[in-house]
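Asker: Residue strings, one per chain:
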Amino acid sequence: MWDYSEKVTEHFYNPRNAGAVDQANAVGDVGSISCGDALRLTLKVDPETDVILDAGFQTFGCGSAIASSSALTEMIKGMTVDEALKISNQDIADYLDGLPPEKMHCSVMGREALQAAVANYRGEEWVDDHEEGALICKCFAIDDVMIRDTIRANNLSTVEDVTNYTKAGGGCSSCHEGIENILKEEMEARGEVFMPGAIGKKAKAKPAAAATAEAKPAGSMTAVQRILKIQQVLEGLRPALQADGGDVELMDIEGKNIYVKLVGACNGCQMAAMTLGGVQQKLIEELGEFVKVIPHTERQLVELGV
Amino acid sequence: MSELKDIYLDNNATTRVDPAVVEAMLPFFTEQFGNPSSMHSFGNKVGLALKKARQQVQNLLGAEHDSEIVFTSCGSESDSTAILSALKAQPERKEIITTVVEHPAVLNLCDYLETEGYTVHRLKVDKQGRLNMDEYKALLSDNVAVVSVMWANNETGTIFPVLEMAELADEAGILFHTDAVQAVGKIPMNLQDTSIHMLSLSGHKLHAPKGVGVLYLRRGVRFRPLLRGGHQERGRRAGTENVTSIIGLGLACEQAMQHMEYENTVVAQLRDRLQEGILAKVPHAFATGDLTNRLPNTLNIAFEYIEGEAILLLLNKAGIAASSGSACTSGSLEPSHVMKAMGIPYTAAHGTIRLSLSRYTTAEEIERVIEAVPPIIEKLRTLSPYWGENGPIENPEEAFAPVYA
Numbered sequence: 001m002w003d004y005s006e007k008v009t010e011h012f013y014n015p016r017n018a019g020a021v022d023q024a025n026a027v028g029d030v031g032s033i034s035c036g037d038a039l040r041l042t043l044k045v046d047p048e049t050d051v052i053l054d055a056g057f058q059t060f061g062c063g064s065a066i067a068s069s070s071a072l073t074e075m076i077k078g079m080t081v082d083e084a085l086k087i088s089n090q091d092i093a094d095y096l097d098g099l100p101p102e103k104m105h106c107s108v109m110g111r112e113a114l115q116a117a118v119a120n121y122r123g124e125e126w127v128d129d130h131e132e133g134a135l136i137c138k139c140f141a142i143d144d145v146m147i148r149d150t151i152r153a154n155n156l157s158t159v160e161d162v163t164n165y166t167k168a169g170g171g172c173s174s175c176h177e178g179i180e181n182i183l184k185e186e187m188e189a190r191g192e193v194f195m196p197g198a199i200g201k202k203a204k205a206k207p208a209a210a211a212t213a214e215a216k217p218a219g220s221m222t223a224v225q226r227i228l229k230i231q232q233v234l235e236g237l238r239p240a241l242q243a244d245g246g247d248v249e250l251m252d253i254e255g256k257n258i259y260v261k262l263v264g265a266c267n268g269c270q271m272a273a274m275t276l277g278g279v280q281q282k283l284i285e286e287l288g289e290f291v292k293v294i295p296h297t298e299r300q301l302v303e304l305g306v
Numbered sequence: 307m308s309e310l311k312d313i314y315l316d317n318n319a320t321t322r323v324d325p326a327v328v329e330a331m332l333p334f335f336t337e338q339f340g341n342p343s344s345m346h347s348f349g350n351k352v353g354l355a356l357k358k359a360r361q362q363v364q365n366l367l368g369a370e371h372d373s374e375i376v377f378t379s380c381g382s383e384s385d386s387t388a389i390l391s392a393l394k395a396q397p398e399r400k401e402i403i404t405t406v407v408e409h410p411a412v413l414n415l416c417d418y419l420e421t422e423g424y425t426v427h428r429l430k431v432d433k434q435g436r437l438n439m440d441e442y443k444a445l446l447s448d449n450v451a452v453v454s455v456m457w458a459n460n461e462t463g464t465i466f467p468v469l470e471m472a473e474l475a476d477e478a479g480i481l482f483h484t485d486a487v488q489a490v491g492k493i494p495m496n497l498q499d500t501s502i503h504m505l506s507l508s509g510h511k512l513h514a515p516k517g518v519g520v521l522y523l524r525r526g527v528r529f530r531p532l533l534r535g536g537h538q539e540r541g542r543r544a545g546t547e548n549v550t551s552i553i554g555l556g557l558a559c560e561q562a563m564q565h566m567e568y569e570n571t572v573v574a575q576l577r578d579r580l581q582e583g584i585l586a587k588v589p590h591a592f593a594t595g596d597l598t599n600r601l602p603n604t605l606n607i608a609f610e611y612i613e614g615e616a617i618l619l620l621l622n623k624a625g626i627a628a629s630s631g632s633a634c635t636s637g638s639l640e641p642s643h644v645m646k647a648m649g650i651p652y653t654a655a656h657g658t659i660r661l662s663l664s665r666y667t668t669a670e671e672i673e674r675v676i677e678a679v680p681p682i683i684e685k686l687r688t689l690s691p692y693w694g695e696n697g698p699i700e701n702p703e704e705a706f707a708p709v710y711a
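Quick mapping for you: the protein sequence lines, in order, are chains A and B. Read in the working numbering, the first sequence has 282 at position 282, and its numbers run on one by one without any break. To get the working numbering, take the position in the second sequence, counting from 1, and add 306.
Note that these hints are calculated values from the structure, not bench results. The reader is advised that the hints may include incorrect statements.
Per label pair, the in silico range of CB-to-CB distance [unchecked claim]: (1) B/Gly-541 - A/Glu-188: 37 to 43 angstroms; (2) A/Ala-119 - B/Gly-625: 40 to 46 angstroms; (3) B/Gly-649 - A/Asp-91: 55 to 61 angstroms; (4) A/Glu-188 - B/Ala-326: 53 to 59 angstroms; (5) B/Lys-516 - A/Lys-282: 42 to 48 angstroms; (6) A/Asp-91 - B/Ala-627: 32 to 38 angstroms; (7) B/Gly-517 - A/Leu-228: 56 to 62 angstroms; (8) A/Glu-286 - B/Asp-312: 52 to 58 angstroms; (9) A/Lys-7 - B/His-537: 54 to 60 angstroms; (10) A/Lys-86 - B/Gly-625: 50 to 56 angstroms; (11) A/Met-79 - B/Thr-668: 48 to 54 angstroms.
Treat the numbers as computed from the prediction; the structure is a model and nothing was measured. Glycine residues also receive a C-beta, built at the ideal position from the N, C-alpha and C atoms.
Whole structure, please, built from the sequences with the hints as guidance.
Answerer: Structure follows, in structure tokens:
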């Protein structure tokens, strides 16, 4: 049985705004063939103000598809069309107190139906550019298509690379066989051979001096500029973490390894890994090079090569 | 509703352990805790109890020798052991014949073996889920190491002609294995009169506990163990025996034998009543599979224009446990491979519900389910974009054509 939140169950048992809206002037039909879901969203929009006066849904789908549709119609009523378009699938999932990873596509479908309905209202043609594949990593809800695209775009060749770029395989690691199979196919397609080791790669300890020497910044930054940049990125992220009662502090930088201290609510919480992942992603984007964000508490382990 | 007991109609998934079976197992957790391999009296009594259990299984299967019974941990282990043994024992043969509707225990193993260089032939089924024997016959050759075909399908209950197929394989000198996890205890069998070489069964499908299974291995069939180690099961399956569960399985087999007639008369009638009762009240619904040739306890109904998981959730709320071939219940997001193989249209395949009975199911429960189902289906159809005010919309394909991701 799926682990549905109470809110999902409640919206499924008592769906709001079921059925088509009378005198609708915006209709969006979308579906996700992999799950056999289909959704029609009908809206009544005030042409003067662009405010959504009424919204209704018809869904062929599972419990979470019906709950997501119900949530979406509740969320957008009273909004202007532009405001409604700002709703992300994560917002829909959050409204329902979360969805199981396998069911996140239900919220994506809701968002797409909204885009399709707005396009219809504006007389535009909506083209779906989001492709959905088989779910590979259940910990972080990463699908086949996403992994393949990332492997191709970045010429990846190890499971570790895939985890670093997409997070897939970064949790329980039971999907590594699946990721390896994808790597094998993708590498064959570009004329290479996938050569995995039997045991996953681990960060190796390096003498501090060598690490610093090797740490020549990828771009034109000097070591000091790089440190300042890292510091600046972390400062920028702090307010958001502090809002959740947590904080992050830069402890040390050793080549690609950036050691941070997680404080308060973030520390030890099961979301710590997610938070670190987010910090790492931001740093990679800002620095233009691959770096690894590691909790300070795990430094000894890294140095021992564990 | 709340004062009424919940109704369990998911016996093809698993069954409740019979109270007498629990009773028989208990002493072997406490005073009779010995290892059957030991020389002292603690072990000896346990060894005798295992021997009895082995004979009880032998009787249900109609095996010629009790040494043909190899206890394993589950049906999947038995399936893997049988197929991998056949390949190991005949390294020159690189082909496998199976069907598209097998349980994942066989299907996923075969998919994997394909990546290892084996050729897998998957027999197709028709709209009623039946095999084409000509297709099968044409595939039998000296390159085939093993045929693995389920005795009865877990989703629809459709029974395959395994006796005839085993005979053909045997004549061609090919090993024949059948996954009989759903069939054992529901269909009478006498393996010594057949050409079946290997058969898998699972304890928890016939009111024994989970975590115990059997591989029937006909005497004289070349065999290579999956687990090597100790001498247990005559060296064919190493590892200390799951004594308590094996003893439970033994008694469960004896009880299944006693209830065989009941299963095929009373339970079958209850199932028929359920089918007729629901289909009389719910339009645009039909039973799937080979209705004239299926397990006595299994009913699979496709409800058009709605999705199975949603039905299950509402059934669950009404205190009724069932299962579905819909994509969304599986975790894989793939619709049931069985429904797909039978060519059930997409708008119906996702709305299939399996109701599987047992000897504990009562007529009163069946009537309650017949009452509960129609309003659930009606409610979900009012939410469906394929359903209008008075029934399915005309030309659903045209009127509702979503953009698919």
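Asker: So the hint says 52 to 58 angstroms: do the beta-carbon atoms of A/Glu-286 and B/Asp-312 match that?
Answerer: Because 56 angstroms falls inside the window, the suggested range holds.
Asker: Determine whether the Cβ-Cβ distance between A/Ala-119 and B/Gly-625 falls within the hinted range of 40 to 46 angstroms.
Answerer: holds, 44 angstroms
Asker: When you take the CB atoms of A/Lys-86 and B/Gly-625, is the distance between them in 50 to 56 angstroms?
Answerer: With Cβ atoms ~42 angstroms apart, the hint is violated.
Asker: Check the following: the C-beta atoms of B/Gly-649 and A/Asp-91 are separated by a distance inside 55 to 61 angstroms.
Answerer: violated, 40 angstroms
Asker: Using the C-beta atoms of A/Lys-7 and B/His-537, is the stated range 54 to 60 angstroms upheld?
Answerer: holds, 57 angstroms
Asker: At the C-beta level, are B/Lys-516 and A/Lys-282 separated by a distance inside 42 to 48 angstroms?
Answerer: holds, 47 angstroms
Asker: Holds or violated: 32 to 38 angstroms for the Cβ distance of A/Asp-91 and B/Ala-627?
Answerer: Taking Cβ atoms as reference, A/Asp-91 and B/Ala-627 lie about 34 angstroms apart, which means the hint holds.
Asker: Quick check: does the Cβ-Cβ distance between A/Met-79 and B/Thr-668 fall within 48 to 54 angstroms?
Answerer: At roughly 53 angstroms between Cβ atoms, B/Thr-668 and A/Met-79 fall inside 48 to 54 angstroms, so the hint holds.
Asker: Could you say whether the range 37 to 43 angstroms given as a hint is met by the Cβ separation of B/Gly-541 and A/Glu-188?
Answerer: holds, 41 angstroms
Asker: Range first: 56 to 62 angstroms. Now tell me if the beta carbons of B/Gly-517 and A/Leu-228 are that far apart.
Answerer: Holds: the Cβ-Cβ distance is about 60 angstroms, inside 56 to 62 angstroms.
Asker: If you check the beta carbons of A/Glu-188 and B/Ala-326, does the distance land in 53 to 59 angstroms?
Answerer: holds, 57 angstroms
Violation of the numbered hints given earlier is confined to hints 3 and 10; the remaining hints are satisfied by the structure.
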